[in-house]
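Construct the complete structure from the given sequences, taking the supplied hints into account.
For the sequence shown, the positions run 97 to 156 when the numbering used here is used.
Worth double-checking, as some hints may not be accurate.
Stated by the list, open to error - Calculated cross-link-like contacts (lysine to any residue; reagent style SDA-like; alpha-carbon spacing at most 20 Å): (1) Lys139 <-> Tyr124; (2) Lys98 <-> Gly141; (3) Lys98 <-> Leu117; (4) Lys98 <-> Asp127; (5) Lys98 <-> Leu148; (6) Lys98 <-> Val126; (7) Lys139 <-> Ala125; (8) Lys139 <-> Thr153; (9) Lys139 <-> Arg109; (10) Lys98 <-> Asp122; (11) Lys98 <-> Ala125; (12) Lys98 <-> Ala128; (13) Lys98 <-> Ala129; (14) Lys139 <-> Ile152; (15) Lys98 <-> Ala121; (16) Lys139 <-> Gly97; (17) Lys98 <-> Asn108; (18) Lys139 <-> Thr99; (19) Lys98 <-> Lys139; (20) Lys98 <-> His143; (21) Lys98 <-> Ser132; (22) Lys139 <-> Ile103; (23) Lys98 <-> Gly120; (24) Lys139 <-> Ser151; (25) Lys98 <-> Arg119.
Unchecked claim - Quick list of the computed label-pair ranges, beta carbon to beta carbon: (26) Glu155 <-> Leu115: 17 to 23 Å; (27) Gly97 <-> Glu154: 24 to 30 Å; (28) Ala118 <-> Glu154: 17 to 23 Å.
FYI, nobody ran anything at the bench for these hints, they're computed from the structure. C-beta atoms are modelled at their ideal positions from N, C-alpha and C, and glycine is treated no differently.
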Amino acid sequence: GKTALMIAAMFNRVDIARLLLARGADPYAVDAAGISTLDAAAKMGAHDTVALLTSITEER
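Structure follows, in structure tokens:
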């Protein structure tokens, strides 16, 4: 299944994504098909959450 962060990211809800990340959501989680949160957001054209997730992965 998809995590709450994946769903927020897919619908470009940066506000919700930031909240979930602040509460410990795993930005590196993958769903049952092996799709990452970043990939799911990109596939949906959610540019703002892609930028947020990209900035997080660059910090790693």
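Tested hints:
| no. | hint | verdict |
| --- | --- | --- |
| 1 | Lys139 <-> Tyr124 | holds (16 Å) |
| 2 | Lys98 <-> Gly141 | holds (17 Å) |
| 3 | Lys98 <-> Leu117 | holds (15 Å) |
| 4 | Lys98 <-> Asp127 | holds (5 Å) |
| 5 | Lys98 <-> Leu148 | holds (18 Å) |
| 6 | Lys98 <-> Val126 | holds (8 Å) |
| 7 | Lys139 <-> Ala125 | holds (16 Å) |
| 8 | Lys139 <-> Thr153 | holds (17 Å) |
| 9 | Lys139 <-> Arg109 | holds (15 Å) |
| 10 | Lys98 <-> Asp122 | holds (12 Å) |
| 11 | Lys98 <-> Ala125 | holds (9 Å) |
| 12 | Lys98 <-> Ala128 | holds (8 Å) |
| 13 | Lys98 <-> Ala129 | holds (10 Å) |
| 14 | Lys139 <-> Ile152 | holds (18 Å) |
| 15 | Lys98 <-> Ala121 | holds (12 Å) |
| 16 | Lys139 <-> Gly97 | holds (17 Å) |
| 17 | Lys98 <-> Asn108 | holds (15 Å) |
| 18 | Lys139 <-> Thr99 | holds (16 Å) |
| 19 | Lys98 <-> Lys139 | holds (14 Å) |
| 20 | Lys98 <-> His143 | holds (19 Å) |
| 21 | Lys98 <-> Ser132 | holds (9 Å) |
| 22 | Lys139 <-> Ile103 | holds (12 Å) |
| 23 | Lys98 <-> Gly120 | holds (16 Å) |
| 24 | Lys139 <-> Ser151 | holds (18 Å) |
| 25 | Lys98 <-> Arg119 | holds (17 Å) |
| 26 | Glu155 <-> Leu115: 17 to 23 Å | holds (18 Å) |
| 27 | Gly97 <-> Glu154: 24 to 30 Å | holds (27 Å) |
| 28 | Ala118 <-> Glu154: 17 to 23 Å | holds (18 Å) |
Taken one by one, the earlier hints all hold for this structure without exception.
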